[in-house]
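Colleague: Protein chains in written order, with the numbering used here: chain A, 1 to 458; chain B, 1 to 432.
These are computed hints drawn from the structure, not numbers from a lab. Being a predicted model, the structure only gives us computed values, none of them experimental. Ideal placement from N, C-alpha and C gives every residue a C-beta, glycine not left out. A few of these clues could be false.
As the list claims (entries may be wrong) - Here are the computed lysine-lysine pairs in the DSSO-like style, where the Cα-Cα straight-line distance is at most 27 Å:
hint, chain 1, residue 1, chain 2, residue 2
1, B, 431, A, 317
2, B, 397, A, 363
3, B, 374, B, 24
4, A, 317, B, 397
5, A, 317, B, 401
6, B, 42, B, 326
7, A, 74, B, 431
8, B, 289, B, 262
9, A, 74, B, 354
10, B, 42, B, 401
11, B, 312, B, 286
12, B, 397, B, 23
Claimed, not checked - Pulled a few chain A residues facing chain B out of the computed Cβ check, cut under 7 Å:
hint, residue
13, 302
14, 309
15, 314
16, 395
17, 412
18, 417
19, 419
Said to hold, decoys possible - A short list of chain A residues far from chain B (calculated; beta carbon distances all over 12 Å):
hint, residue
20, 38
21, 62
22, 104
23, 160
24, 180
25, 192
26, 201
27, 217
28, 225
29, 260
30, 262
31, 409
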Amino acid sequence: MFKILNIFNLLFLVSFAQAQVTKGSLLIKNGTILTVTKGNMENADLLVENGKITKMGKGLVAPAGTQTIDATGKFIMPGIIDAHSHIGIDVVNEASRPSTADVWVGDALDPLDLSIYRALAGGVTASHAMHGSANAVGGECETIKHRYGTLNPEEMRMEGAPRTIKFALGENPMRVHGEGNRIVPATRMGVEQIFRKGFEDAKAYMAAWDLYEKEKVKNPAALKPVYNKRHETMAEILKGNIIIHCHSYRSDEILMLLNVCKDYQIKRLVFQHTNEGFKVAPELAAYGAMASVFADWWAYKFEVYYSTAYNAAILTKNGVVTSINSDSEEYIRHLYHEAAKTQRYGSLSDEEALALITINPAKQLGIDQRVGSLEIGKDADIAIFDGHPLSIYAVPQFTIVDGVVRFNRSKDTADQRLRASATRAETGFFLHKEQHNHDRCLEGAFENTATFFGLERE
Amino acid sequence: MKINVVFTLIFTLALTHSFGQVKKSTKGTFALTNATIETVTKGTISGTLIISEGKITALGSNVTIPSGANVIDCKGMFIYPGMIDGGTELGIVEVSSISLTDDSDELGELTPHMEAISAFNTSATAVSVTRVDGITTTLVVPQGGLFPGTASLVNLVGYTPDQIYAGFKGVVLNFPGAGRRGFWDRRTDEELKKEEEKALKQLNDVWTEALYYVQVTDAAAKDPSIKVASNPEMARIAEVIRGKMTLLIETNKASDIEAAIKWAQDKKVAKVVLTGVAEGWRVADKIAKSGFPVITGPIIALPTRESDNYDKAYANPGIMSKAGVKVAIRTNDQENVRNLPFHAGFAAAYGMSKEDALKSVTIVPAEIFGVADKLGSLEVGKLASIMVTTGDPLEPKTQIKYLFIDGWIVPLDSRHIQLYEEFLNRSPGLKK
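This is chain A alone, in the form it adopts within the complex (with noise of 0.2 Å):
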């Protein structure tokens, strides 16, 4: 009995750890095509099998029986993705110390979240569903597809993108842990020392190791190290298999990091918000760093206060890879906007602009051949507009992962949750003054959530 139970048990997990991705077919007619990376094609055809792009082209035929969208006069362009998110996860910042890289965000994933079904009604196909900003080194992330509907939180990852962990500088882990715990750091000097203590315990911990599996060899009583789960992320960052995401704002904290990873020989770095890269281009582009920032957010805090809705654009024309996200539940309903503003600031042309939140946020999070342009072989991640999606009328129609429609605008219904309250017969009413009052990055900071919601704009 107790071997069936095991065996059954055994059965169970393997199913969770390798979630079955529902993949689907479909013929998409007649459009507008921005591959983004290959040009456009004019009233083109776009077929896709088992979740895969197999052929793009005129007169394409699909087998009997495929799903067919009628695209005329629509414009299809690869589904958005969002380089910096919170959605998808009900716990956002362990808190508790300068250092947690031994948290991972893809142990909170919540399939029920409808800002999901929200993010997809903007064309928005894979998110980075991020830690928060409360630590120097927070936790690893889980880069997710948004297939609302499956309840499993297996299904929600994107099978084989590599590991990313956030870090973040600044204002917010000076706040959190000197101003509100009195311990290290209260100083952006502070900041950084957090980052080269992890690294150099990362360096003791990796040789202590390497130092057991040799004595090991000859003597098999030989102790082991404490496993030590923090040390081992860290190590990891080190060996090149983790791509550290960075919450940053100011021109000196940037180049702070820029110099601890090149002591460390850390090549796999993308900076967050960014604010201030524009300062720093040059830097960024000959390290090979990346940014991912927002269209024009600036001024809800000081370290803010000198940005420049230029930004992206002076990013861009300084070789820099960039990228535009939402870090708002609300914004990421409508990146191909934000994207769309670097025209008015700095003039982008439209594939700039829409590289912007396709191949570039792809790229950061390291899954650009299997996504972010619409290619032969790619995965079938595609959003359908009405109109161009960079002009201001552009409603999104249709939006695909893996072939399967999980947005269609003529089938929206009012009511999308997955998960309605059993007790409430009213939801309830929230107003969302300003939409950037409800950043994320530091929720779960600080324990009362309503003394956390009261706050402005942190």
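Use these hints to put chain B onto chain A, whose structure you have.
Modeller: Structure of chain B alone, referenced to chain A:
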């Protein structure tokens, strides 16, 4: 020779640094020629628009250019009226997380006499950041409490309250609301009802006191022997009761909107504008029936309930407009009031006509504020608050080429633009 060149260069640099670098607003006679003129109220005209003495003095296809006018060739360009944001905290909040730079919210529930315009920093960085995107006029609205203060309409050029004042003031009432504010709100239904009743009673008590104040001051006007102690709070509300000032009623939840309409009708408030009105779409017919105009926004926002369609905030202005409500659009923002045209654009994308969307940020707010004789459209005799653009101002791609506010040609300069010019090709670059 080399030294001379270097010297001359240094000298030139020093000169340009000392003089002529600061761009200032100026006034004069201007002829904007060969333009497509979108009047908003009287159709589209191809031709010339003349600005003189701060006003639009002529426009049309057959216009004589006054001698000495500065001629600006607008071939291929469009002229629109400057946009009006019907609700902002621009100028009274500099950096919102630093409380001492936030002048929007005075202590107390009953502070209707607080003047937003007194705290408006005409040199706030966000002022020039806002106007270069064609927003020429904003309503500055105090926040917090039952009667937070008096809002003022301002033109975004000038250095003193007198220079910026655009001719409208309104007393703000945050109409008592009911309901949970989010998932963390654990109040029971009974507690909520009690709090709602308490807040409404507080409002009615204030109103009764103000009515009494009106009676006493009316009597005092006739009888010098009656002395009335200074009461700036009641004096301000009395102006609303006397019909001299508009009451801007902020209300968002559907049931609150209905309650606010009923309350204003019961009290026979003469001049009422409903603001916020996030759930106006649920009660659009009732708002239309009341005849009260609406200033709604932000439009680019989440729906107010999880059980609503994802696009309800976008669709709200269009639904109200179709029901016959007079709708103006606001950002309700601080530093990003520049997004006003995009809020109007989203309203248009989700159901409002493009024409009405443009009107909701031009002539409609001008009418609501009673300044349509001066602002909101391109007509002879109106103030020259004008933007010259490369296209539809609601489209992000469109560039603004010239800007006039209240008759002044305003330089297209802001810190965001200065940083762009400094850092696009940084010097020194990677190597010093």
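Colleague: Next, verify each hint and record whether it holds.
Modeller: So, going through the hints one by one against the coordinates:
1. A distance of roughly 18 Å separates the Cα atoms of residue 431/B and residue 317/A; the hinted pair therefore holds under the 27 Å criterion.
2. Restraint check for residue 397/B and residue 363/A: the C-alpha separation of about 26 Å stays at or below 27 Å, so the hint holds.
3. For the hint linking residue 374/B to residue 24/B, the alpha-carbon distance of about 24 Å falls within 27 Å, and the restraint holds.
4. Of the pairs offered as hints, the one joining residue 317/A and residue 397/B holds, with about 18 Å between alpha carbons and a cut-off of 27 Å not exceeded.
5. Of the pairs offered as hints, the one joining residue 317/A and residue 401/B holds, with about 23 Å between alpha carbons and a cut-off of 27 Å not exceeded.
6. Straight-line distance between C-alpha atoms of residue 42/B and residue 326/B comes to about 19 Å, which keeps the hinted pair within the 27 Å bound.
7. Our distance criterion of 27 Å between C-alpha atoms is broken by residue 74/A and residue 431/B, whose separation comes to about 47 Å.
8. Restraint check: the Cα-Cα separation between residue 289/B and residue 262/B comes to about 11 Å, which is no more than 27 Å; the hinted pair holds.
9. Proposed proximity of residue 74/A and residue 354/B is supported: the alpha carbons are some 20 Å apart, at most 27 Å.
10. For the given pair, residue 42/B sits about 23 Å from residue 401/B by alpha-carbon distance, which is consistent with the 27 Å threshold.
11. With a C-alpha separation of about 18 Å, the suggested pairing of residue 312/B with residue 286/B holds against the 27 Å cut-off.
12. Of the supplied pair hints, the one linking residue 397/B and residue 23/B holds, its CA atoms being roughly 25 Å apart against a limit of 27 Å.
13. Interface hint at residue 302/A: satisfied, since its Cβ lies 6 Å from the closest Cβ of chain B, which is below the 7 Å cut-off.
14. Hint status for residue 309/A: holds, given a least beta-carbon distance of 5 Å to chain B, under 7 Å.
15. For residue 314/A, the interface hint holds, the least distance from its beta-carbon to any beta-carbon of chain B being 5 Å, beneath 7 Å.
16. The criterion of a C-beta within 7 Å of any C-beta in chain B is met by residue 395/A, whose closest approach is roughly 5 Å, and the hint holds.
17. The restraint placing residue 412/A at the interface with chain B holds, with a minimum CB-CB distance near 6 Å, inside the 7 Å limit.
18. A cut of 7 Å between beta carbons decides the hint on residue 417/A: the least distance to chain B is about 6 Å, and the hint holds.
19. A distance limit of 7 Å between C-beta atoms decides the matter here; for residue 419/A the minimum to chain B is near 10 Å, and the interface restraint is violated.
20. No Cβ of chain B approaches the Cβ of residue 38/A within 12 Å, the least distance being about 23 Å, so the stated non-interface status holds.
21. At the 12 Å boundary, the C-beta of residue 62/A stays outside the reach of chain B, the nearest C-beta of that chain being 30 Å off.
22. Consistency note on residue 104/A: stated as away from chain B, and its beta-carbon is indeed over 12 Å from all of that chain's, at 24 Å minimum.
23. Separation of residue 160/A from chain B is adequate, the least Cβ-Cβ distance of about 30 Å exceeding the 12 Å criterion.
24. Every C-beta of chain B lies more than 12 Å from that of residue 180/A, the closest at about 15 Å, which supports listing it as non-interface.
25. Non-interface call for residue 192/A relative to chain B: holds, since the shortest CB-CB distance, roughly 22 Å, exceeds 12 Å.
26. In this structure residue 201/A is separated from chain B by more than 12 Å, as the shortest Cβ-Cβ distance comes to about 33 Å.
27. No beta-carbon of chain B comes within 12 Å of the beta-carbon of residue 217/A; the shortest separation is about 49 Å.
28. Residue-level check passed: residue 225/A sits 42 Å from the nearest beta carbon of chain B, beyond 12 Å.
29. Every beta carbon of chain B lies more than 12 Å from that of residue 260/A, the smallest distance being close to 19 Å; the non-interface claim holds.
30. With a closest Cβ-Cβ approach of about 14 Å to chain B, residue 262/A is found to remain outside the 12 Å limit, as its non-interface label requires.
31. Not every beta carbon of chain B lies more than 12 Å from that of residue 409/A, the smallest distance being close to 9 Å; the non-interface claim is violated.
Hints 7, 19, 31, counting from the list given before, are not met by this structure.
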